[in-house]
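Visitor: Given the sequences, and given the hints that come with them, work out the whole structure.
Those protein sequence lines, which keep their order, are chains L, H and R. Residues are numbered in the numbering used here as their position in the first sequence, beginning at 1, plus a constant of 120. Residues are numbered in the numbering used here as their position in the second sequence, beginning at 1, plus a constant of 323. Residues are numbered in the numbering used here as their position in the third sequence, beginning at 1, plus a constant of 16.
A portion of the hints provided could be inaccurate.
[As the list claims (entries may be wrong)] Subject to a maximum C-alpha distance of 25 angstroms in a straight line, what follows is the list of computed DSS-like cross-link-like pairs (lysine-lysine): (1) R:142 to L:259; (2) R:233 to L:259; (3) L:255 to R:238; (4) H:611 to H:650.
For the record, the hints were derived by calculation from the structure and aren't laboratory data.
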Amino acid sequence: MEKDKITIGGDSDEIVLDVQDLVVHYVLEDETVEAVNGVSLWLKKGQTLGLVGETGAGKTSTALAILNLVQTPPGVIKSGSINVCGANVLEMKPAQLEKIRGKDVSMIFQDPMTALNPVMTVGEQIAESIRYHEKVSDKESLQKAGEMLELVGIPAVRAFEYPHQFSGGMKQRVVIAIALACNPKVLLADEPTSALDVTIQAQVLDLMRDLKEKLGTALVMITHDLGVVATVCDMVAVMYAGKIVEYGTIEDLFNTPMHPYTEGLFNSLPNIKDRKAELIPIRGLMPDPTKLPVGCAFEPRCRYAVEACKAPLEMRQVSDTHSLLCSRYEEPGFRIDMKRGERAHG
Amino acid sequence: MAEKIIEVRNLKKHFKTAAGMVHAVDDITFSINKGETLGIVGESGCGKTTTGRCLLRLIEPTSGEILFNGQDITKLSKRGMNKIRKDMQIIFQDPYSSLNPRRTVFETIAEPIKHNKILPSGSTKADLERRVVELMTTVGLAERLINTYPHELDGGRRQRIGIARALAVEPQFIVCDEPVSALDVSIQAQILNLLKELQRDRGLTFIFITHDLAVVNHFSDDILVTYLGKVVEKAPSETLFENPMHPYTKALLSAILIPEAGANRGRIQLRGELSSPLDPPDECRFAKRCNYYCADCDKGTPPLIEVAPRHFVACHCVGPNGQNSLKLKA
Amino acid sequence: MIRYILRRLLLLIPVIIIVSFMVFVLMDLAPGDITAGWDLEGMTVEQIAAMRADMGLDDPLLVRYGRYMFRLIQGDLGVGDHTGISVWYNFITRLPATLILAGASVLFGVAVAIPLGIFAARRAGKALDTATTAFTMVGMSMPGFWQGLLMMLLFSYILGWLPAGRFVDGWRSVILPAVVAGSTLLAACTRQTRSSMLEVLKADYLRTARAKGVPEKVVIRKHALGNAMIPIVTTIGVSVAVAVSGTAVIEQVFAWPGVGRWIVESVGSRDLTSTTGAVILTTIMYVLILLLVDIAYAFIDPRIRAQYADKGKRKARAKNTPVITIADKYIPELQDSIPSADADWSYDNTEIAAVRVAGGFDKQDKAAPMQADSVVAAPEQSLPVEAASAEAFVSFATVTDADAAKIETVVVENGESVTRKYRKRGRGGEVFHHLRRNPSALGGMIIIAIIVIIFIIALIMPVESVITPNVQYRNHPPSLAYPFGTDVMGRNLFARVIYATRFSLPIGVGATSIAAIVGVFLGSIAAFYEGTAADEALMRFSDSLASIPGILLGMVIIMTLGRSVPNLIIAIGVSAIPVFIRISRAAVLSLKGSEFVEAAKAIGLSNFRILYTQVLPNGLAPIIITFTGSLGMAILISAGLSFLGFGIPVPNPEWGSLVSAGRDVVRHQWWLTTFPGLFIMITVMGFNLLGDGLRDAFDPKLKR
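Guide: Here it is, written out as structure tokens:
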């Protein structure tokens, strides 16, 4: 895939995140969980990538690897390279890593209820990040913390309060404030709104979108929710069993999805505009991550599977922006049929 | 004329806590016709879960009437209640904590059958097994799983066990409390289809409690929108989605994230946060967050009135003929 | 805050009443009374009767109790039956010595335990961690008196470095007793620190801190330790309380002029007034110390501080911020606003029954149950619990049963054939599988098996072989014929130690079993009627019972009932009951709100049936772990009692009394103390190891 050709969403050619062939396994006593199996993705400054998948797809492990926060026993980063703002994360020593975390690349996690230290004030938790990365006095860092709170829509006086005094949605805003305090180039957001109410989710997503535009942060939005992706992202990567099975722009994926799994995801969703339309679930279950097949991992559940699908596959390019991991597309004229009928164009 | 299987009148549930009285459910009234599905939607603190539990008297209501097939079950004694328990069942949200970890699939499904003497007297163990296998097949569980423990199975399968357990006593009515929220998207669809099929085949009546509006639209005939323990709007699904009247419903609908490129702009943003369910005063509980106002907003708690056929709204700014005097706040 | 303190002080009153009444009744049951030791020769029956009437000795129990309490309120605890010296005077003059000893031992214990615990936690699973665990295991299993004697032998007699107690040589004389007294505390505290740290090290907010770029050292020191301190403070507090009130044995060994020795003398000489006064005073001290611990919490944990804020302020705050910090019961609507899910501490607050954070699922990893465990327990967590069982209590919070294990089998369907990873294993099978792999549990089981075999041998040994003197061979050191040497009467110590198993094991097992049965029954009832007067009453009773130190209670009961095996079982069993009440109540409470319980209700099962067939079987894990821990403790207490002279009467051998018999001659006939004590230690260690192994086996998260 030619990275230069993808100019969607980004406002410069600067590549801030470049992951190549990342492989992450978890070695347990009896077996090995193959969580991430050769993932490549990249982000330009200001771009947003949606990383979509269900449980066990490997999205969180990918994100943790970018910060080199994978729990090292039992996790092992077997191969691959991860460049953040040009520097290879996997070769860094702890001191260097501590420098870039929070400063060049930040992460926010899914559950706001447990993400904050219960015995430290909210302001202090934000200020801490600032103090480690910028040469400011304690007083100044608290001042800046207050400003960050205002930025996320929380009155600055609440900096002296403790996490338990905030509701779920507000806690998540605090988490966002912490992550953005030092204006990182890349923000990894792991299902940041899944634990929140629908209306709060909308608020937080809008907030993230605004901040992203204001600060020029590149964002990797990890989610299982295609609606979230449609709202915030420029590019989308769909993950299944540790691999990216489809990669492209929003238009590519939503208007012309090609991978059978992607089709299955769309077909599983109730259609607001046609409540009587039948749901077509993907039959079967996720594969066992300790016994992944050599060929396509989706094959047992795929409507279009043939014998050839059991052989190892390679990512193929179908357009400048759109790539795919599916052997059936080697046959000329093959297409999934999106049985649900046309999805209305935006 | 469709038969009303459930009628709830002025249901209230208040919890006493250290900080005050929590009005979890505050005067909810609705009814459901046999064979239909009522969806109850709302966000945290709205009272939907408590309402579901009260219907089965798993939580005792503070006041109000619950009529099941015309009989007020709130007045029943424990024994009386136990007699009709098999007619009303519940499916829970969390497939992990809703099954006893020490019971195999067989034991979980067989227990209600045995306890309620569903099988005719004189039935043997083989008969029981046969019935359990029947139920497992109905819900799509492979027979070979009959002696497995919950922790050996995934969320989707566990949820199916829960459904089989609920079906085992041959109920007429099932409360589904967020039955698919804990499941992956692809499994969600499987379970939803299963529930629909069961409803068709057995004429079941459902209450479907959820926060997911897309799902409730697909699954329910009527929808009840709740906020902080009160009903703010009730209407058939199509009507609700085409013509929402209450500002909260509007906000909820606009918050739905549509999986379509370019969608999801121009959302209605609610102000502030959920207010406290502690000892709420007599006023419109949504007023502080509402983006609209009108002259009558401070006239106490708005009553639920029918503003169009089968369309009920509780908002001072919506008149009895559906006309609204909503003015946007600055 | 002040209101809270005042309220807690007020709660002291019912505790004092219950405790004093219990003791009073016990004393009453004891044969004889204050006149028993007097010289009544030459007095006529009428004179005796008149004297008794003057003293009010034959008045009804309640009248006498009332009279006692009346005087108590005025601060008059009476005078010693035999000495006539004021009870209060005796207490207050001896208190400083005990406080110094307790203070020194706590200081020593805590100063070593916390760094050691952190050290071990950070190297969890590695060699140094295992070594630390082994070290603490030994420390916890060693009977204090034995350790004291041996250390005295080594450091005072052989090496001559330190004085052997007696508080005469200035600060140097505190060292030895403090180290010995502190070592149980050290062991318990290290283990607690380690396990709290382990728990905290898994917390999500540490991940947030690392993701911010906070240096690892700071993450551990500031973020992790800051949160881990809360449970550690509990252990320290409980240990202090135990240290202050439980030093009887140490004081005996080192001839330390403290409160403990006085109590032993009083009980031994059947001085009813002094004993009653002593128990009451000890209880008050105990409870006050724990109150201090609770107050300390407010400084460490802002969530607790918020809770103590004036009710008015709290209400105002609750209205302004849309968050209710503590809820009365599990209320689904408030789930979102219940404080941080990793708060696996109960909040000491009589308004809370249990805080349950569960019924959810880990949205990130839908295959796994929620990281934050379903909860925790009972209020009044800070009230007395024996050190070893405090840990068992705490670790319950990390074991979730209803949330069960993560998926272990993901079934891949391929047409009809299926690949499965694991053999079908029931819960019991799971546990056993993990036990087998756990080396310490295996070790524990082997030790226990050996002890049981010895017990069986002991049963068939004829009694003559152990009590017949054989004076030709007296005072022989260990040899082939006499592996443990002989005692002053020439009896074979090896045989006597083995024979003693016949008493020690049944006493330990019997006492713990009684405590378990009664405790679990009461605890599950309390949980069932949670929040009602019955629950309150039961918990008050339980706490009152728990505030009397085990050995003290044991001494008093033995004094009342007499020395025999069944009485020892009762004496020790009674003091273990509160732990079981607390643990089972907590277990049932946390499961009570589970959805599978609701499902059972929906099917129409009766509450009683649900409790015993659904709930309790799932709550067994913490109860079983507590059982093994209590067993070890029971054996230690029984050894302590017999060391102090309250065990089975001679000539029957019992480990503790065997150690005691050798204590005056420890310098010369070291074998008399060493071997029996070693036996005690190994037996207790066996049970503790098994308990540890069970805890690991029951905790699914450790497999991750």
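Visitor: Hint by hint, note whether the structure agrees.
Guide: Structure-based check of all given hints:
1. With a CA separation close to 42 angstroms, the supplied pair residue 142 of chain R and residue 259 of chain L exceeds the 25 angstroms bound.
2. This hinted pair checks out: residue 233 of chain R and residue 259 of chain L have alpha carbons roughly 23 angstroms apart, not beyond 25 angstroms.
3. Distance hint between residue 255 of chain L and residue 238 of chain R is fulfilled; the C-alpha atoms sit about 21 angstroms from each other, no more than 25 angstroms.
4. Distance check on the hinted pair: residue 611 of chain H and residue 650 of chain H sit about 14 angstroms apart at the alpha-carbon level, within 25 angstroms; holds.
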